[in-house]
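With the sequences and hints as input, model every part of the structure.
Here the protein sequences line up with chains D, B, Y and U, keeping their order.
Adding 743 to a residue's 1-based position in the first sequence gives its number in the working numbering.
Adding 743 to a residue's 1-based position in the second sequence gives its number in the working numbering.
Adding 743 to a residue's 1-based position in the third sequence gives its number in the working numbering.
Adding 743 to a residue's 1-based position in the fourth sequence gives its number in the working numbering.
If you're looking for bench data, these hints aren't it; they were derived computationally from the structure.
Source: prediction; values computed, not measured.
Relax, there's no trap hidden among the hints.
If you only want the chain Y side, here are some residues facing chain D, beta carbon under 8 Å, derived:
# : residue
1 : Asp757
2 : Tyr758
3 : Cys760
4 : Met762
5 : Gly764
6 : Asn767
Think of the CB as a built atom: it goes at the ideal place given N, C-alpha and C, for glycine as much as any other residue.
4 protein chains.
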Amino acid sequence: MSELNHVLEFLVRDYECDMQGVVNNAVYQNYLEHARHEFIKTLGIDFAEMARQKINLVVVRAELDYKQPLVSGDRFRVATRLEKISPVRYGFIQEIQRLADGALVLQGKIIGTALNEKGRPRLPKEIRDAFDR
Amino acid sequence: MSELNHVLEFLVRDYECDMQGVVNNAVYQNYLEHARHEFIKTLGIDFAEMARQKINLVVVRAELDYKQPLVSGDRFRVATRLEKISPVRYGFIQEIQRLADGALVLQGKIIGTALNEKGRPRLPKEIRDAFDR
Amino acid sequence: MSELNHVLEFLVRDYECDMQGVVNNAVYQNYLEHARHEFIKTLGIDFAEMARQKINLVVVRAELDYKQPLVSGDRFRVATRLEKISPVRYGFIQEIQRLADGALVLQGKIIGTALNEKGRPRLPKEIRDAFDR
Amino acid sequence: MSELNHVLEFLVRDYECDMQGVVNNAVYQNYLEHARHEFIKTLGIDFAEMARQKINLVVVRAELDYKQPLVSGDRFRVATRLEKISPVRYGFIQEIQRLADGALVLQGKIIGTALNEKGRPRLPKEIRDAFDR
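Listed below in structure tokens is the structure:
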């Protein structure tokens with residue numbers, strides 16, 4: 744059984760910070776997306792290849808709890824766990840933690856589905872397989 | 744009593760679209776933020792001026808329900824409503840609607856607070872006044 | 744003969760500003776791109792439609808002279824002029840001007856071409872026609 | 744004498760790609776900026792700290808030659824070299840190379856200066872020292 748867990752380390756880039764001197768709220772979604780896409784690659788799912796095949800992995804809901812801001816120079820880790828929600832929906836439980844002190848930066852829950860070329864929800868085999876492993 | 748409602752129109756820009764040919768998930772947070780900042784300006788609150796005074800308006804939670812994607816060329820409207828949640832928290836109820844057909848694109852609830860220079864939550868007078876009007 | 748000139752007005756959005764409190768350098772390229780895409784639409788060329796047809800309009804060189812920074816709340820205008828450079832290359836001469844005082848913010852020259860599905864440079868008929876008008 | 748050279752490796756993130764399925768033109772400026780800021784850190788200059796001290800490192804001109812697009816999954820390297828241009832100006836010669844095949848992706852020349860609180864150009868001691876080493 745493959746682990747449905749994944750951890751990826753990042754470094755804040757200065758262009759991601761806004762006039763408050765902290766990472767802008769929207770940028771955390773970029774971090775979370777990148778972590779999810781790297782994670783699903785380890786399950787054999789390539790987001791870009793899916794898009795070319797007109798199978799669109801889409802987010803249907805995002806819940807984000809902002810706990811502490813990241814600032815220039817911060818290193819952090821995005822931990823991602825995948826869980827099945829329904830035959831056509833999956834959830835990513837994601838957490839951002841600052842490396843220097845282990846502070847919790849953000850907790851997120853991202854619910855997604857996959858839409859085939861007709862716009863019908865249908866999970867790709869690789870995701871269904873992952874849940875069965 | 745001033746209306747705690749605001750509507751702002753936008754046009755999708757091509758650089759906001761990702762390889763699926765739709766507006767990237769994170770970009771909706773940019774739209775919502777811009778709409779909120781334009782809204783609070785009508786209440787006498789300038790986000791940039793606040794930041795210069797070291798009063799930081801911050802988001803503590805975001806809930807985003809993605810209903811329909813926006814694509815290149817779409818015009819849309821962000822409607823924003825402000826409500827008091829507690830003495831130190833406020834909520835923005837936001838909705839994105841595509842202009843061409845009125846389709847609901849996204850529903851969001853953004854909970855925020857204001858932190859003074861010491862990092863203590865304290866709503867600026869202009870927001871408290873807005874709630875009292 | 745259609746005018747090979749175009750002007751588009753924008754408002755700085757707070758998320759476009761970085762920790763220096765000014766619009767981040769890279770964001771000006773977003774502004775310029777959006778202005779170019781709106782401009783070529785008036786010539787009958789839709790960037791997104793081209794991309795779907797696998798005709799890729801691409802930038803081969805950008806020269807950007809930063810004169811004055813834009814800050815939160817600034818309204819500005821992007822003026823764009825199109826000129827033919829060679830049978831397969833065109834140039835956009837672009838200028839950003841702050842509305843409040845007419846200050847010159849940025850001068851840019853963006854050289855582009857169009858690549859067909861085989862990656863060969865070939866200008867679309869609409870652009871060639873525009874030059875012949 | 745410290746080397747005025749620096750190399751940083753990156754991985755394309757999917758949100759950086761646009762509807763053509765390639766990294767958007769503006770995003771390369773993000774890459775270049777991040778590489779420059781990491782480079783100057785090795786010279787003892789922290790961009791964020793400078794900004795807090797109201798010494799603003801600013802770009803006055805950027806020249807970017809786009810050679811090959813990067814796509815989802817590409818790993819690449821940004822090589823940066825710093826050279827003195829005048830008592831108040833410095834230039835970064837930057838090159839992006841795809842790791843898989845060594846293809847040249849982009850060549851850039853970024854000319855910058857530093858402005859003190861009064862907006863007068865004046866290079867910080869650390870940069871002047873770097874040139875003298």
